[in-house]
Amino acid sequence: MSRLAVVAHEVSDQSGGMTTPENVVEVRDLRKNYAGFTAVDGISFDIHRGETFALLGPNGAGKSTTIEILEGYRDRTSGEARVLGIDPGRGGLDWKARIGIVLQSSGESGNVTVAEQLRHFAALYPNPRDVDEVIAAVGLEEKAGALIRKLSGGQRRRVDVAVGIVGAPELLFLDEPTTGFDPEARRNFWQLIRTLQSEGTSILLTTHYLDEAAQLGDRAGIIAGGRMVDLAPIDEIGGRESRVPLVRWIEGGERREQRTDRPATLVAEVVARLGAEPEGLEVIRPSLEDVYLALVGHEHASDMSAEALNETEAAR
Amino acid sequence: MSTTMSPARASRTESSIGRAARLGLLRIGYEVRAYFRQGDTVFFTFLFPVVMLTIFSVSFSEGNFGQTADGDIITAAWFFLPAMLAAGVLLSGLQNLAIDIAVEKSDGTLKRLAGSPLPVVSYFIGKLGQSFVTGLMQATVLLLLGFTVFQVPLPEKAENWVTFAWVFTLGVMCSAILGIALSAVPRSGKSATAVVIPITLVLQFISGVYLRFSDLPEWLQNVAAVFPLKWMAQGMRSVFLPDDLVVLEQNESWDLPGIAIVLGIWLIAGLVMTSLTFRWIRKDS
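In order, the protein sequence lines correspond to chains A and B.
Add 38 to the 1-based position in the first sequence for the numbering used here, that's all there is to it.
Add 5 to the 1-based position in the second sequence for the numbering used here, that's all there is to it.
Keep in mind that the hints were calculated from the coordinates and are not lab data.
Ideal Cβ positions, reconstructed from N, Cα and C, are used throughout, including at glycine.
Hints may contain errors.
Said to hold, decoys possible - Chain B regions said to be covered by chain A (calculated; three or more residues, Cβ under 8 Å):
1. 106-116
2. 121-127
3. 164-177
Just need the whole structure built from these sequences, with the hints factored in.
Here it is as structure tokens:
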């Protein structure tokens, strides 16, 4: 991993005209209706400067609609949105120069090389990062001269990330950035994001990988059915109760389970009571994933059927 | 504030017009490079008139397309060279951009650009420049092929080349702008070829590219006269064919002012249509 230039800081420090300089994103009661269907149903959140905010939720929950409204790609039906102090529906070129966008997927023809693409995009920004450093940071030094269309899916995704950060954005949107990455590429990507974080870049991340959100995020918002069902620092999502460890074992041929803050004590008691090693013993400390699934559980089921419906309609 | 002045500050003093022009020039280089790496465009847009000129010149090599005042026979290659130059202008502009931009719209290229600080004007400069540069290279290949392989005599008078220069430039710009406007029609990148190629093919048949214009019935000539290709082909004939052949034209005139007027009207109509219909992305699809 190469160290990236620290220019992002200087740019962000100079940015003026914001009502609340500590927030790079402010969303109040955001709504988006499509014909006969509400994609986003009144959500509110802020992203503080320098923070990485993870937006989590099942497919069709409204994550992408929300992020695309903030990127300026979609108009909102109602509510307030400010991105770097500006209404994203009216953001001009100066505003676009301060944000970086990594879209969900791209099927571009890719008839330019990695280096050509990055040099070109760097030239669009007033204060870009060093192109070679960015290529190194996403681990594509050996592919710098290769046509993008000849790269693998994961490599193309890394080019997307590189294009998103080459302009040294103050705020970076990452919409499912690591889809198609192998585990090593994902680790390297996390390292890159940590470098950006240490340089002060604010990040809005959506991901399906909850370990990724846990690794990178400061706070998370969980969206289901167009509503924010929870919003908290990553290790407090779901409230304290949902984080209480669960102990399971089999006693007298029967499955037992108990939630407790002191699982070791409970296990010791069980061992003492049985006078032997209990069968099927498990101590489960709920991960973000467990908490998340509990939060979106039944919503998820209904979204899945809505999504299946959409897909059949799209197939027509 | 920090004592180091970042380059960003300095470059922000650049005017927005200057920036749009500078990035537009950068786009031309990027677009031309990408153009030649796309195999199907190179064949169907760049080489197609070259291939057609070769086929026509060879298959009608025994044919007689008229005589000059000096009694020289006008060969098929001589007769079809201006037609293929006109076809090249149409393909490099309209066909190329209508398909290219429709594909870029559906494959995410435009969405990416929409999120970057690239001015729309710079994007258009890049596309117009791509059409102009590749069209000029194509015309050069056609002229070289005609002159060297098929021994077509090229005009000696400077005024003919001046006519060529403005007909070519106005033709490419008109054709390219109409291509940008037409790119709004295909509903997906995949259907773009199916929508665009029939249009350019029909235009080529009725505008005197593949068929001798003077052989067409008058009503069809009048239909063709509504569209720009007939005028581009007429302009090219005025440059490359002997003056005696003017008798084959409508009203027995090359009608250069008419060419400028019709292409100018289409250019303006294309600009209006483009400014009304072009969007980086459909916001609420």
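Evaluated hints:
Figure legend: the region 106-116 of chain B, annotated as covered by chain A; annotation consistent (6 residues with Cβ-Cβ distances under 8 Å, at least 3 required). For a cut-off of 8 Å, the count of residues in the region 121-127 of chain B with a CB near a CB of chain A stands at 4, and the three-residue condition holds. Given as covered by chain A, the region 164-177 of chain B fails the check, having 0 residues with a CB less than 8 Å from a CB of that chain where 3 are the minimum.
The structure does not agree with numbered hint 3 stated previously, though it agrees with all others.
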